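Colleague: Letter by letter, the chains look like this.
Protein chains: 2
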Amino acid sequence: VSGEIVCLSGGVGGAKLALGLYRVLPPGGLVLGLNTGDDFTHLGLEVWPDFDTALYTLSGLGDRERGWGRADETWSFMDAVRGWGGEDWFNLGDRDLATHVLRTQALRAGQRPAEVADRLARAAGLTARLTPVSDDPVRTVIDTADGALAFQDYFVRHRAQPTIVGVRYEGAETAGLASVLDGYLSRPDIAGVVIAPSNPLLSIGPMLAIEPLRRALKACTAPVVAVTPIVGGAAIKGPTAQNLSDLSMEVSPVAVAGLYSDLIDGFVLDAKDRGQEPAIRDLGLDCRVAQTVMTTDTEKCELAREVIDFLAQLRTRSGLRHGRV
Amino acid sequence: VSGEIVCLSGGVGGAKLALGLYRVLPPGGLVLGLNTGDDFTHLGLEVWPDFDTALYTLSGLGDRERGWGRADETWSFMDAVRGWGGEDWFNLGDRDLATHVLRTQALRAGQRPAEVADRLARAAGLTARLTPVSDDPVRTVIDTADGALAFQDYFVRHRAQPTIVGVRYEGAETAGLASVLDGYLSRPDIAGVVIAPSNPLLSIGPMLAIEPLRRALKACTAPVVAVTPIVGGAAIKGPTAQNLSDLSMEVSPVAVAGLYSDLIDGFVLDAKDRGQEPAIRDLGLDCRVAQTVMTTDTEKCELAREVIDFLAQLRTRSGLRHGRV
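Protein chains in written order, with the working numbering: chain A, 1 to 325; chain B, 1 to 325.
Isolated chain A, as found in the complex:
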């Protein structure tokens, strides 16, 4: 590989591919843009669930069993919060808390989110660049039959049970693009861009709602691909399938590819869904069939290699999609 890969990712699912890319690419080869739509202020602390999942996953600080939070975690803080009658619906581990406390302190002192992210990634010893997609707040709001819910209210407090009637990304219309991403996306020598297999409505949606990011992706001269979060008509993890069906969308790779089709050149389909290859191509997209369900680290690296190879192949083509620019 020559040139960096920019990966846009949500939490647990996306972080698996990000880990594969991080392992396979040379030092400095991965630039990871994280969804901020899940971010919220909880107990006065700035909590960035998707960023932290990526930070912990790539650095090996994460709990591999749970997929979120830190390894060797203890829960005395939550226990004490409960004792004081405080809000205990969102679990914050004692080790994890250090991240939130130090981040909150830095943000309150006037540091930009991207600076704080950069310092955390370096402190964790990462050679990848990690950045929130924007320094400006974007908050995912879920409209349900019973009213609007902030993302974590929907996802954690209500366990993603309420039926969705709409999704909004508050702040997205005025949000700028993080300078790291702006820089890399405008460079002709990057290897390409990957949209990770994250929830298209709740993880990728809040990022793609940021107009400067859409513009940068459309103007990007390197190839852009997405990896399916849907395999065999179901989501690998989380409420993606239910979300799509709540909004009367087809639960299929093609439906997801359709959401991104004005921004991407190629789509990675799972081997189980190879029958949908013609439908992907009908969207004007290149298609790669691969094993997209990542359980082991080996599988994460294998998918990463497929994606890198796919980008390299698209690069050698005479030209990328017209529709993008």
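If you are wondering where the hints come from, they were derived from the structure by calculation, not from laboratory data. Small disclaimer: the values here were computed from a predicted structure and weren't measured. Among these hints, one or two may not hold up.
Claimed, not checked - Example chain B residues on the side facing chain A (calculated, C-beta under 8 Å, incomplete):
#, residue
1, Leu43
2, Gly86
3, Gly258
What the hints assert, rightly or not - Computed footprint of chain A on chain B; a stretch qualifies when at least three of its residues, placed anywhere within it, have a C-beta under 8 Å from a C-beta of chain A:
#, stretch
4, 51 to 58
5, 79 to 85
6, 88 to 98
7, 101 to 108
All C-beta atoms, glycine included, are put in the ideal place defined by N, C-alpha and C.
Start from chain A and add chain B according to the hints.
Modeller: Just chain B, lined up with the frame of chain A:
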């Protein structure tokens, strides 16, 4: 006993007598005003060491071995802070952290310190009133040969080692008196006021530097007594003796009584120092000799009973000191 007792206290030493008073007095009988000179913002969190020591000690949540912090404490947060390269010179336990996080959130949301204190005390199930002596910030600054140090810098980071050349109470000149204390001190039916056996320069000093508190003590028609923090020429705990000698003050109960003599009617001397009774009386103060070193809970309750009895005795006198009003 009839009527409440107002106790002004610092941390560990004072909290022992406060616990005795709390155990001995009927529910609602103790009003505890805490030193705020040690309070500081650490890692973006509002930490109130003396208040928390009292809160934990009275509620039984505290660690009896250490004398500060919570029982059954874990230290994962500190470990993680260290891992991020954060400031680790001030130990914050995981359970203890819940107090700081919830308090910081409440203060940032605009609640007054006294309200926050009241909510914590009630949440801990206490029937005593606990209040910072002022809602306005007072910060103890230690002048040393090597320059000025914030209190916790001196006390924790430098382990109370530097030689003191002066002590200042920043903010004290404009600080008001907490309304709970203002209310009780102006009531003629309280049983009296006790200045706990805390460091006169670093714990009691920051409180007595608040002019409205001095005025309220002078105007108080109930008896006011202080308990010696010096026994046999040494402090029971902490740097009190060293502090007094650094500032060329005598390390004796009489020297401490002298610091308070315009505000108090009586002084409680340790049995070891009964020879100083005449010198105390020469200051125009009544004197009670008692066992002031409190190791067991029984000893805390016994000293509390002595103090209560002393206040009752002073009450029956024809009049309190003229000098006070």
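Colleague: Hint by hint, say whether it matches the structure.
Modeller: Evaluated hints:
no. : hint       : in the structure
1   : Leu43      : holds, 5 Å
2   : Gly86      : holds, 5 Å
3   : Gly258     : violated, 42 Å
4   : 51 to 58   : violated (count 0)
5   : 79 to 85   : holds (count 6)
6   : 88 to 98   : holds (count 6)
7   : 101 to 108 : holds (count 5)
Going through the hint list in order, the structure does not satisfy hints 3 and 4.
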